[in-house]
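First to last, the sequence lines map onto chains P and L.
The first sequence maps to residues 1 to 884 in our numbering.
The second sequence maps to residues 1 to 110 in our numbering.
Be careful, since some hints might not be right.
Derived contacts from chain L toward chain P, CB cut-off under 8 Å, selection only [what the hints assert, rightly or not]:
| no. | residue |
| --- | --- |
| 1 | 28 |
| 2 | 72 |
| 3 | 76 |
Derived list of chain L stretches under chain P, where covered just means 3 residues or more per stretch with a C-beta under 8 Å from a C-beta of chain P [stated by the list, open to error]:
| no. | segment |
| --- | --- |
| 4 | 40 to 48 |
| 5 | 52 to 59 |
Chain L side only, calculated, beta carbon under 8 Å to chain P, not exhaustive [stated by the list, open to error]:
| no. | residue |
| --- | --- |
| 6 | 29 |
| 7 | 70 |
| 8 | 74 |
| 9 | 75 |
| 10 | 77 |
The set of hints was computed from the structure by calculation and includes no laboratory data.
Note that beta-carbon positions come from the ideal geometry of N, C-alpha and C, so glycine has one too.
The chain contents come next:
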Amino acid sequence: MNHLRAFWMRLIGLVRPGRAEADFAAELESHIAMHTEDGIRAGLSPEESRRKALIQLGGVEQARQAYRQRRTLPWLEGVLRDIRYALRGFCRDRVFALTAIVTLALGIGATTAVVSVVDRILFRALPYANADRIVSIGLVQSLEQEEFIMGGFYFDWLDHQRPFAALASQGTMLHACDLVEANPQQLNCIPVQAGFLPLLGISPVLGRNFSPDEDRSNGPSVALISYGVWLNHYNRDPHILNRLIDLDGKPTRVIGVLPKGFELPTVETPDVMLPMKLDRAVQNKVNGGFGEPMRTFARLKPGVSIAQARTEMEPLFLHTRQIFLPPPLRNDFHMSIRSLRDRETQGVQLAAWVLLCAVLVVLLIACANVAGLMMARSAAREREMAVRWALGASRGRLIRQSLTEAFLLSVAGAAAGLALAEGLLRVFIAIAPASIPFLGKANLDLRVALFTVAISLLCGAFFGLAPALEKPRSIALAARAGNSSRHAILRRGLVAGQIACSLILLSGAGLLVRSFQNIEEQNLGIRTKGVVTAQIALPRFRYNTGQEQMDYYLRAETALRRLPGIRAVAITDSVPPGGWQDGYRYSDLATEENPHPTPGTGGTVVNRRVTPDYFRALDIPIVRGRGFSEQDRTSAQSLVVLSRLLAARLFPGEDPLGKRIQPGIYKGAWFTVVGVADNVKNSGLTEQNEPEIYFLRRSVVNDWGGRAPMMVIDSTLPPDTVMPWVRLQIASLDPTVPVEMKTLNRTIRSLASRPRFETALLGFFAVTGLAMAVIGLYGVIAFLATQRTQEIGIRMALGASRLEILRLILREGVRLVAVGGGMGLAAAFALSRLLKTFLYGVGPHDPLSFVAVTLLLALVALVATLIPARAAMKTDPMTALRCE
Amino acid sequence: MGEKTDIWQGTLALMALKTLETMGPQHGYGLARRIEQTSGDQLQLNYGTLYPALLRLEQAGYIRSRWGVSENNRRAKFYELTKAGQRKIRKAAAEWEQTTEILARFLSPA
Numbered sequence: 001m002n003h004l005r006a007f008w009m010r011l012i013g014l015v016r017p018g019r020a021e022a023d024f025a026a027e028l029e030s031h032i033a034m035h036t037e038d039g040i041r042a043g044l045s046p047e048e049s050r051r052k053a054l055i056q057l058g059g060v061e062q063a064r065q066a067y068r069q070r071r072t073l074p075w076l077e078g079v080l081r082d083i084r085y086a087l088r089g090f091c092r093d094r095v096f097a098l099t100a101i102v103t104l105a106l107g108i109g110a111t112t113a114v115v116s117v118v119d120r121i122l123f124r125a126l127p128y129a130n131a132d133r134i135v136s137i138g139l140v141q142s143l144e145q146e147e148f149i150m151g152g153f154y155f156d157w158l159d160h161q162r163p164f165a166a167l168a169s170q171g172t173m174l175h176a177c178d179l180v181e182a183n184p185q186q187l188n189c190i191p192v193q194a195g196f197l198p199l200l201g202i203s204p205v206l207g208r209n210f211s212p213d214e215d216r217s218n219g220p221s222v223a224l225i226s227y228g229v230w231l232n233h234y235n236r237d238p239h240i241l242n243r244l245i246d247l248d249g250k251p252t253r254v255i256g257v258l259p260k261g262f263e264l265p266t267v268e269t270p271d272v273m274l275p276m277k278l279d280r281a282v283q284n285k286v287n288g289g290f291g292e293p294m295r296t297f298a299r300l301k302p303g304v305s306i307a308q309a310r311t312e313m314e315p316l317f318l319h320t321r322q323i324f325l326p327p328p329l330r331n332d333f334h335m336s337i338r339s340l341r342d343r344e345t346q347g348v349q350l351a352a353w354v355l356l357c358a359v360l361v362v363l364l365i366a367c368a369n370v371a372g373l374m375m376a377r378s379a380a381r382e383r384e385m386a387v388r389w390a391l392g393a394s395r396g397r398l399i400r401q402s403l404t405e406a407f408l409l410s411v412a413g414a415a416a417g418l419a420l421a422e423g424l425l426r427v428f429i430a431i432a433p434a435s436i437p438f439l440g441k442a443n444l445d446l447r448v449a450l451f452t453v454a455i456s457l458l459c460g461a462f463f464g465l466a467p468a469l470e471k472p473r474s475i476a477l478a479a480r481a482g483n484s485s486r487h488a489i490l491r492r493g494l495v496a497g498q499i500a501c502s503l504i505l506l507s508g509a510g511l512l513v514r515s516f517q518n519i520e521e522q523n524l525g526i527r528t529k530g531v532v533t534a535q536i537a538l539p540r541f542r543y544n545t546g547q548e549q550m551d552y553y554l555r556a557e558t559a560l561r562r563l564p565g566i567r568a569v570a571i572t573d574s575v576p577p578g579g580w581q582d583g584y585r586y587s588d589l590a591t592e593e594n595p596h597p598t599p600g601t602g603g604t605v606v607n608r609r610v611t612p613d614y615f616r617a618l619d620i621p622i623v624r625g626r627g628f629s630e631q632d633r634t635s636a637q638s639l640v641v642l643s644r645l646l647a648a649r650l651f652p653g654e655d656p657l658g659k660r661i662q663p664g665i666y667k668g669a670w671f672t673v674v675g676v677a678d679n680v681k682n683s684g685l686t687e688q689n690e691p692e693i694y695f696l697r698r699s700v701v702n703d704w705g706g707r708a709p710m711m712v713i714d715s716t717l718p719p720d721t722v723m724p725w726v727r728l729q730i731a732s733l734d735p736t737v738p739v740e741m742k743t744l745n746r747t748i749r750s751l752a753s754r755p756r757f758e759t760a761l762l763g764f765f766a767v768t769g770l771a772m773a774v775i776g777l778y779g780v781i782a783f784l785a786t787q788r789t790q791e792i793g794i795r796m797a798l799g800a801s802r803l804e805i806l807r808l809i810l811r812e813g814v815r816l817v818a819v820g821g822g823m824g825l826a827a828a829f830a831l832s833r834l835l836k837t838f839l840y841g842v843g844p845h846d847p848l849s850f851v852a853v854t855l856l857l858a859l860v861a862l863v864a865t866l867i868p869a870r871a872a873m874k875t876d877p878m879t880a881l882r883c884e
Numbered sequence: 001m002g003e004k005t006d007i008w009q010g011t012l013a014l015m016a017l018k019t020l021e022t023m024g025p026q027h028g029y030g031l032a033r034r035i036e037q038t039s040g041d042q043l044q045l046n047y048g049t050l051y052p053a054l055l056r057l058e059q060a061g062y063i064r065s066r067w068g069v070s071e072n073n074r075r076a077k078f079y080e081l082t083k084a085g086q087r088k089i090r091k092a093a094a095e096w097e098q099t100t101e102i103l104a105r106f107l108s109p110a
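Turn these sequences into a full structure, and let the hints steer you where they fit.
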């Protein structure tokens, strides 16, 4: 307590030292005066008396020194002095300090932002209890790459599995459900089993989970609502529990509230959770005995690995396959068990690693840059250090001084870097594609901040110690410029390394830019300008028959066609080039020529059910035969249009018109081909086109089941004008129906957002890296040129022309660039294969990209070398020699 | 430096505190003289070491100081005991007595 108080007082003593010193001086003066008076009174002469007083005091300066040491914290005072000294040094050499801080900030900022983004994808535990023990389990097949399980064999698996402590399922996807109350709202609902939340280790923040009784068919209607619904819809009403809410026209009791930010393992956020109420007997009957599909998750028993679980489940899977699947389909189905993290972040893990590595390279360049700067500075200050050493500063003192400077730079860099990271993160989130999970929620947290500080300290220690450890040479005291050849070699190595690193980044970015250009400029096969899509969320409980739905859409079609400037209004279940689209296996298509295609072969076929105007609305040319006509809509005929790709595959070398096709899914119905449409980009922007078949959406109830259709509206007027009109027309039919409208261009832009994001980020890193490498190059060449001032002077005095001097300095730079560039090119060539999956229409060793980035680097490097070289060329030989 | 100084400093602090307790507020010079007198002029005090010791006591909150006027009409800084200082004296004196008692048993065995 008293020690603490004393420490505190001494700390306070650091501020306003002058006054306390003066105070003590006065005290000492009064002390000496009193002592002297006493002496005089005892008979001594004033001089003698004062002398004795001083002797007994032990000297004024010594007393002051002892007093000062006690009054403040001497070591801290030393540190403060070092800091003040360093700050003065930075003020003198602003360019140096600013370059170092900006470089560090860029490195640290970019690293922190990227680590914040990839943290959740690669490292952070998922928000469930012991999430690394949870797996996604089920079948996969060519049309469905995410694990699913059918109710028909789910119970068998539950009964006979051994590797899992628990299994539980949720529905395959969120479905729209309507909360009908004073202010009606359409929500996302998901059915889950009673064991689902316990499996994840999640408990409701309010109320309780479903009981087994509630999860039985004919069990009571109960629901868990999300935190968001509780907050926004019920205003955090504490009496929400046991309240009856009207869900899809059915009174449902709220029994609990989900935790804030709760996410399904499918990375979806439900508004309402309902009990799944699976019934073994029912599941064995519905859907032709297959039962309903579901997503199943399981918790591994302790000590069981995923590979073991796979082996143990294999017999069960083979048995199921034997019983449930017809022989032709068997080979297309596989069992898949993978960790939850793999399921959640599947596609982006590689991207995350690439970004992380890229940003670490940037950080490396930044650190090398600062190290180079510090070395240059220490070389320039060698004389000063030598003088201080000669005057009695200890090695430790000099090292401490250097470390203080490095530390100050690091802290300033870290602070600026953190601010930059915050900004960068906002930009990332703004341009981030929806397909990168968790990014929207990424934020700079304490861990990442600590990470930043650790990096900056490491950088500081690294580049601060290297120059400080060297013993100042006495020769440096002489007027001659120091002979720091060792420094120069190290610095040259650093710069060559920087150039190599930045070339790696540049070539990666170059490849991505080319790939992105290909994506943007490719021919999609459809017109996108002026096309608007409208997705209408019909409340199912009010439009619950196919007839009602069909009537609604047909009325909407008629209403929209009345609008001015409308060229075409079509109804379809999906639009190219990506997003959700229906499909089936190529081998499901039987023709009269080939009635039994080999099962499981030929990949997938995209399938769309469209009204006749579809081809006009998207401007897809019919290359043979005809499209659908308005008359076809009411005819009894079953018609299809094939894409050119499909026609060529089904009927190679023949005329496809008039041929008949029997799609397996329609169970025996034959469809007649009336036309062939040109190919459109139909499986995302970056994949190979797939064959496509268009079914006519006739005005009969059977053609309107399934997924809610969307309206495609093509207009001669700008979308901004058309969209409010469309909204008005749809509202006039039924004002309570929500409608979501988008221009096709925007849909496509959002499909390209992932490559855009990757390209933008890597491009940014490449430019940053290049800038820093060039600064490093400039620094080292300028430094070498200055060091050789006398040599240049002598050469000129001996008759060297200015051009020869220019060449002399240029040669230095060219050598560094050649060595660094060569290494970088080799490394980039080896590494670019990793980018293969990101590239579209360009190979990982695309010569144009490599040549372009090499030229860019060479050009920039040349400029960075020319500036100091020109300065050296203009050296006045007389001045240069006078330096000697 | 070293142990000798530490013991010396510790005892000097106690002497100063005790002197302040018996004499009331006192300036540094007077305190030094008084300590010398009390010791029967056995102690030759280096006056320069007294001030850091006083500062230390002040920082720990055992004494406080203010400027005043001495008996000879001279401006001087006066030190005065605080409540915490009085408690400290009692505690330190007890400890000291105990220490000397133990030490005495070693030095003059019965």
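Okay, the hints, checked on the actual structure:
no.: 1; hint: 28; verdict: 6 Å, holds
no.: 2; hint: 72; verdict: 6 Å, holds
no.: 3; hint: 76; verdict: 5 Å, holds
no.: 4; hint: 40 to 48; verdict: holds (count 4)
no.: 5; hint: 52 to 59; verdict: holds (count 5)
no.: 6; hint: 29; verdict: 5 Å, holds
no.: 7; hint: 70; verdict: 7 Å, holds
no.: 8; hint: 74; verdict: 6 Å, holds
no.: 9; hint: 75; verdict: 6 Å, holds
no.: 10; hint: 77; verdict: 5 Å, holds
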